[in-house]
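Those protein sequences? They're chains G, E and B, same order as listed.
In terms of my numbering, the first sequence opens at residue 27 and continues consecutively.
In terms of my numbering, the second sequence opens at residue 4 and continues consecutively.
In terms of my numbering, the third sequence opens at residue 4 and continues consecutively.
One or more of the hints may lead you astray.
Under the rule of at most 30 angstroms between Cα atoms (straight-line distance), these lysine-lysine pairs were calculated in the DSSO-like manner [claimed, not checked]:
#1 K170(B) to K111(E)
#2 K170(B) to K129(E)
#3 K160(G) to K306(G)
#4 K225(B) to K147(E)
Some chain B residues near chain G, calculated using beta-carbon distances under 10 angstroms [said to hold, decoys possible]:
#5 G85
#6 S98
#7 F99
#8 P127
#9 Y176
#10 F178
#11 V180
#12 A185
#13 R198
#14 P200
Just so you know, the hints here were simulated from the structure itself, not pulled from any lab data.
Positions of the beta carbon are idealized from the N, C-alpha and C atoms, including for glycine.
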Amino acid sequence: MHLMKTKAVLAACGLALSMAACGNAGGGGTGKDLAGKDVSCGDFTGRVAEICKAGKVTIGVKFDQPGLGFKSATADEPAGFDVEVAKILAADLGIDSKDVKWVETISDNREPFLEAGKVDLVLASYSITPERRKVVGQAGPYMVTGQQLLVPADSTVKDISDLKGKEVCSVTGSTSIDKINEKGAKGVGFESYSECVQKVLDGTVEAMSTDGTILAGFAAQNEGQLKVVGDPFSEERIGVGYSKKAPEMCTFITDSLKKAFDDGTWAKAFEDTLGPSGVKTPDAPMLDACQS
Amino acid sequence: MTAISSQAPTAAQGEPLVVLDHVEKWYGDLHVLQDINLSIKRGEVVVVIGPSGSGKSTLCRTINRLETIGSGTITLDGQALPQEGKALAGLRAEVGMVFQSFNLFAHKTILENVMLGPVKVRKSSKADAEKRATELLDRVGLAKHAPKYPSQLSGGQQQRVAIARALAMEPKVMLFDEPTSALDPEMIKEVLDVMVDLAKQGMTMVVVTHEMGFARTAADRVVFMADGQIVEEGTPEEFFTHAKSERARDFLGHILKH
Amino acid sequence: MDFLTNGHNAYLESFFYTLMLFLVSGVLSLVLGTILVACRVGPVAVLRVAGGWYVTIVRSTPLVVVFALFQFAAPMLGIRFGWVQIHIGTVDFTSFFAVAVVALTLYTSTFVCEALRSGINSVPLGQAEAARAIGLTFGGTMSQVILPQAFRASVPPLASVLIALIKNTSVAYIFGVGEAVAQMRIMTNNYASERVPIFLTFAAGYIVIVFVVSFFANHLEKHWRTA
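Extracted from the complex, chain G is given alone in its bound form (with noise of 0.2 angstroms):
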């Protein structure tokens, strides 16, 4: 019994050290700064006005989804693509990505977070749906993806529908397990995407399921273990969360993006951070319009 412990602590102490050194390879590495640029701060109003004034933002973004918001242990900030459009955002208010603060957010405090002032954005894969909008604002979507399997190399699964019954691993209370159970598999829930990477390694599971994006970074990180399968089988518009008192975010989040997209600054950050994990970049989405 003493001996199996101390072996299974080793292990344990094992599998995050090699999650960590993992982290840097399909992390996108740590993001160029952005210099804010030349702006009249007397252009904006409200609470944009005052973020501009104050040269200083605070950005809820994701520390552990490799390719869209990923902090690794050694990296003093986080890094891909939520990170690179935040930094548009940013130097849009003339404020250099190095004044930027980031703010971890998780699935469950990006709403409270925002109602509360604890950030001024949030930038976190954050799903556009009429439920939170009715709490907080959402402008965007800068980026539409799908959800998608990720499965061992030698799995013979092709597909959601292969999975009726089985479980599949994902976050715990996040919108993806939903749309598992809604396929028919069942969905059972972890703290975190890379204990579920681990769960499909080890065999516990034949497959985890979350947006296409993610998983082409596990895939990556895990090249010749790990491939992502299947068509996407659900639509998530990722967007930018602002809090309901300063409703002129949404114009100028907007603007920002739009601007982002013809200039190709937008497409230039998804080469940079999701390119090298094999997903193509793909047509800028129509934005939403702002209700005024």
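Position chains E and B against the provided structure of chain G, taking the given hints into account.
Only chains E and B this time, still in chain G's reference frame:
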């Protein structure tokens, strides 16, 4: 009180049943039993007296190995006491013990207290054990208390139940470790009466007590202990009238004065 | 309250899961805890020491770490629970449930052991001596005399241990088990505007279960006090 049945004195009466040979015991530096040699014959009633701390309770408890000994041997019916485990449990079943503080099983009724040993150790049927237990409780005058719990009985009643519980195992020898010391004076007699009766029936008994009256009437032999040693032994008559040792005379002088 | 009109089945199902986790690991914890305490107070020195170490180590490990060991490290050592496949209606009990039961049982049994040990210490030494004096072996002394009394004395601390277990089942929510808190997270994610009522509704579910357990404990305590 009706007579208490016990094993009828056998043909072997008079031969040694319990033999302690050069028994020594220490508690750390304290030499609590010093070279104890004592032979108790079948059917004999031995009363052990002595000042507190003399080792008389310890001596009594070594006979069923509730206390281990440092060196020497103790034999029961010719067999050395087993070290531990099933064999020791088997030996203890042959030796009845009555404690100063009764130690009835608090969560069991009076009847269940008396039945437990026969059912769990002797593997008697429930029906037989209950019949026998009811008889024994009747003989100690407590049959109508059978469904009660120990806490509902007086000390004297509890001690009589404890005697019935020990007798239910049909022991070869009964050990009494100060059976009346925790009792109110008015209850002492009811317990001593049961013990006297038992002695008359020919039960082999080792009794540690301060009740000199009991020693005079029921004992075949009195053993006087002090400082872990057997200082002297003899018939009650000899001991109480012509004690040989200074210490025994001193001890008797003290208790008889009060 | 959209979450309740749309999700009352999911709510009840998730609490059924919580209840099953509690009942299965509760019974196993009581059994294992009793065995552990027998080791700890028993006559075999090796078992006494082993029992003591087991309690000390497992009790001082955070429950979430015990879960993680069995969920992530155990499969690397070939310890898997894939053979567990029980389905009741739409509720599945698979390897994730089994791991949760194992983790909860190993963890809770140490607290059961210590609650019982305090109960055993409250049984006067004379009870054991009297039991041995009528010829009961160690096992008989424990099962017939000491443990029944120790259980009675242990009812209040055991009730606390079991109530803690009810709430500890929620740790399973991030280890693949669709129990109440996992369902709560799904609902707070889907009904962002109803977070507070969702929290309160799920808290109420736990309170009801704890009330039932407390009621039984109080009842037992009263029943045995008169005996």
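For each hint, the structure was consulted:
{"no.": "1", "hint": "K170(B) to K111(E)", "result": "violated, 36 angstroms"}
{"no.": "2", "hint": "K170(B) to K129(E)", "result": "violated, 44 angstroms"}
{"no.": "3", "hint": "K160(G) to K306(G)", "result": "violated, 33 angstroms"}
{"no.": "4", "hint": "K225(B) to K147(E)", "result": "holds, 26 angstroms"}
{"no.": "5", "hint": "G85", "result": "holds, 7 angstroms"}
{"no.": "6", "hint": "S98", "result": "holds, 6 angstroms"}
{"no.": "7", "hint": "F99", "result": "holds, 6 angstroms"}
{"no.": "8", "hint": "P127", "result": "violated, 34 angstroms"}
{"no.": "9", "hint": "Y176", "result": "holds, 6 angstroms"}
{"no.": "10", "hint": "F178", "result": "holds, 7 angstroms"}
{"no.": "11", "hint": "V180", "result": "holds, 8 angstroms"}
{"no.": "12", "hint": "A185", "result": "holds, 5 angstroms"}
{"no.": "13", "hint": "R198", "result": "holds, 8 angstroms"}
{"no.": "14", "hint": "P200", "result": "violated, 13 angstroms"}
Consistency note: the structure conflicts with the earlier hints numbered 1, 2, 3, 8 and 14.
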